[in-house]
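Once you've looked at the hints, dock chain B against the given chain A.
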Amino acid sequence: MAEITDDVRENVQKIVYDVLEVGPEDLTETTLFVDEIGADSLAIIEILTTIEDSLGIAIDQAEAKRMVNLATIFEVLAEA
Amino acid sequence: MGILEGKRILVTGVLTQNSIAFHVAKIAQEEGAQILLTAYPRRTLTERIAKRLPSGPDASLPVIELDVTNATQLAELPDRIREHVSGLDGVVHAIGAAPQTALGGNFLNASWEDVGSAIHASTYSLKSLAVSCLPLMKDGGGSIVGLDFDASQAWPLYDWMGVAKAGLESCARYLAKYVGPQGVRVNLVAAGPLDTPAAQGIPGFHDVADVWSERAPLGWKTSDPVPAAKACVALLSDWFPATTGEIVHVDGGVNVIGA
Numbered sequence: 001m002a003e004i005t006d007d008v009r010e011n012v013q014k015i016v017y018d019v020l021e022v023g024p025e026d027l028t029e030t031t032l033f034v035d036e037i038g039a040d041s042l043a044i045i046e047i048l049t050t051i052e053d054s055l056g057i058a059i060d061q062a063e064a065k066r067m068v069n070l071a072t073i074f075e076v077l078a079e080a
Numbered sequence: 001m002g003i004l005e006g007k008r009i010l011v012t013g014v015l016t017q018n019s020i021a022f023h024v025a026k027i028a029q030e031e032g033a034q035i036l037l038t039a040y041p042r043r044t045l046t047e048r049i050a051k052r053l054p055s056g057p058d059a060s061l062p063v064i065e066l067d068v069t070n071a072t073q074l075a076e077l078p079d080r081i082r083e084h085v086s087g088l089d090g091v092v093h094a095i096g097a098a099p100q101t102a103l104g105g106n107f108l109n110a111s112w113e114d115v116g117s118a119i120h121a122s123t124y125s126l127k128s129l130a131v132s133c134l135p136l137m138k139d140g141g142g143s144i145v146g147l148d149f150d151a152s153q154a155w156p157l158y159d160w161m162g163v164a165k166a167g168l169e170s171c172a173r174y175l176a177k178y179v180g181p182q183g184v185r186v187n188l189v190a191a192g193p194l195d196t197p198a199a200q201g202i203p204g205f206h207d208v209a210d211v212w213s214e215r216a217p218l219g220w221k222t223s224d225p226v227p228a229a230k231a232c233v234a235l236l237s238d239w240f241p242a243t244t245g246e247i248v249h250v251d252g253g254v255n256v257i258g259a
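Chains as they are written, first to last, in full-length UniProt numbering: chain A, 1 to 80; chain B, 1 to 259.
Isolated chain A, as found in the complex (with noise of 0.2 Å):
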C-alpha cells in the first residue's frame, strides 16, 4: 500500500480510538500508545489485526512491535 489516502488514514484513526477507548483530543500522531496511553501488547495486536479486517491486506504479526504510535502505523501500513 505505497500510498496512505485520506480515507485509509481516518479509518485506521477511528480503529485506533476504538481499541484504546480514547478520543482525538488524547492522541496525536505522535503520542505513544504503551508509554502514553497505557495501551498493553494485546491492545496493538487488536489494532494490528482489525486494521487486517478493514483494509483487506495481511501484516506481519512481528510488525506489532514496530506499531507504537499512529505515525508508525501508517509507516508499516504504507510498506504493507
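In case anyone wonders, no lab produced these hints; they're calculated from the structure.
Take the hints with a grain of salt, since some may be wrong.
Subject to a maximum C-alpha distance of 27 Å in a straight line, what follows is the list of computed BS3-like cross-link-like pairs (lysine-lysine) [as the list claims (entries may be wrong)]:
no., chain 1, residue 1, chain 2, residue 2
1, A, K14, A, K65
2, B, K127, B, K177
3, A, K65, B, K177
4, B, K221, A, K65
5, B, K230, B, K127
6, B, K230, B, K51
7, B, K221, B, K177
8, A, K14, B, K51
Per label pair, the in silico range of CB-to-CB distance [unchecked claim]:
no., chain 1, residue 1, chain 2, residue 2, range
9, A, D6, B, T44, 44 to 54 Å
10, B, E5, A, E36, 45 to 55 Å
11, A, Y17, B, W112, 37 to 47 Å
Listed below are several chain B residues computed to face chain A (Cβ distance under 8 Å; list not exhaustive) [to be verified]:
no., residue
12, L15
13, I49
14, R173
Just so you know, even glycine gets a beta-carbon here, dropped at the ideal spot from N, CA and C.
Same frame as chain A, now just chain B:
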C-alpha cells in the same frame, strides 16, 4: 473422517493467529470437532480471530468470557457452555500470565504478590478450569490438554514463569490422579520456543531460541506452532486412551540432548 469427529472441544487462549491455541482450534475443526472458545482479556480480539478459523466469518462460534482467576466466571462456566452444547469431550488450557516483575532476571526480588499472581493464572488455573468443566464430561470421560515449557531445567530470565510451569507439570499429574476415575485424561504438550505474542513478552526469548537452533536434532522453527498444535489435537483424540499425567515434548528433540 477426522480424528475428532463429533467431539466438542473448549479452547482457551485464542488471542492471535500465530498462537498454538489458534492452530489447535483450526486443526481440531479440520478433524471434525465442534469448537467453543473462551476469551480473556480482550473478547473482541478473540471474536475477530475466531472468524479466521475454517468455520469462517459467518459461523456463530461460541466465545465465552473467562478469566480463570475469577471464581464467579468459573462457577458460571458450565451453564454458559450448556447454552451451546450438552457436554464436552475435551478442554485446552492455553493460559499463562506473569507480571513483568516476575520475569527478566528479577527472580531474587520478585514479591510474593507478583509470584502468587503468576501461579494463580498459570498453574492453579489448570485445576480451576478442569473442575469447572468436569460436570460436562460425565458421560464418556474426556481429555484435558495444557501447554507447557520444559520446567525440568532453569532457563535464562524465565524465572517465576519457569516455577509456575514446574507447578503446572505437577498439577497435571495430580489432576490426572483425581479425575482419572471419571475417565478424564490430563496431559501437557511441552513445546519448544515459539515466536508468539506471548513469547514476545518474555525477556531472554531469543537466547533460548538460539539454543534450540543449535541443539534440536530435528531442527526447530520458532515461527511454526503447527507441530505443537497437532500434538494437542492427537491428545484430544481417542488415540491416547491410556495416557494421562504425561508430558509430550514437541521440541525437535532438545530435551533428550545433553550438549
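message: With the threshold set at 27 Å, check whether the alpha-carbon distance from K230(B) to K127(B) stays at or below it.
response: holds (23 Å)
Given hint K51(B) paired with K230(B) - CA-CA distance at most 27 Å: holds (21 Å)
message: Hint I49(B) vs chain A: min CB-CB distance below 8 Å?
response: holds (7 Å)
field: chain A contact restraint on R173(B) - CB to CB distance below 8 Å
entry: Nearest chain A Cβ about 31 Å off; hint violated.
query: For the pair supplied as a hint, K127(B) and K177(B), is the alpha-carbon distance within the 27 Å limit?
result: Roughly 12 Å separates the two Cα atoms, so the pair holds.
- prompt: Taking only the CA atoms, is the gap from K14(A) to K51(B) under or equal to 27 Å?
  reply: holds (21 Å)
27 Å limit on alpha-carbon distance, applied to hinted pair K221(B) and K177(B): violated (34 Å)
query: Does the interface hint hold: is L15(B) within less than 8 Å of chain A, judged Cβ to Cβ?
result: Status holds, d = 6 Å.
message: For K221(B) and K65(A), compute the direct alpha-carbon distance and say whether it is at most 27 Å.
response: holds (20 Å)
Verdict for Y17(A), W112(B) (Cβ pair) under range 37 to 47 Å: Between Y17(A) and W112(B), where Cβ atoms are some 39 Å apart, the hint holds.
query: Has the given pair, K65(A) with K177(B), been kept, meaning a C-alpha gap of at most 27 Å?
result: The hint is violated at about 43 Å.
- prompt: Would the pair K14(A) and K65(A) pass a check requiring their Cα atoms to be no farther apart than 27 Å?
  reply: holds (20 Å)
Violated hints, in rising order: 3, 7, 9 and 14; the structure is consistent with all others.
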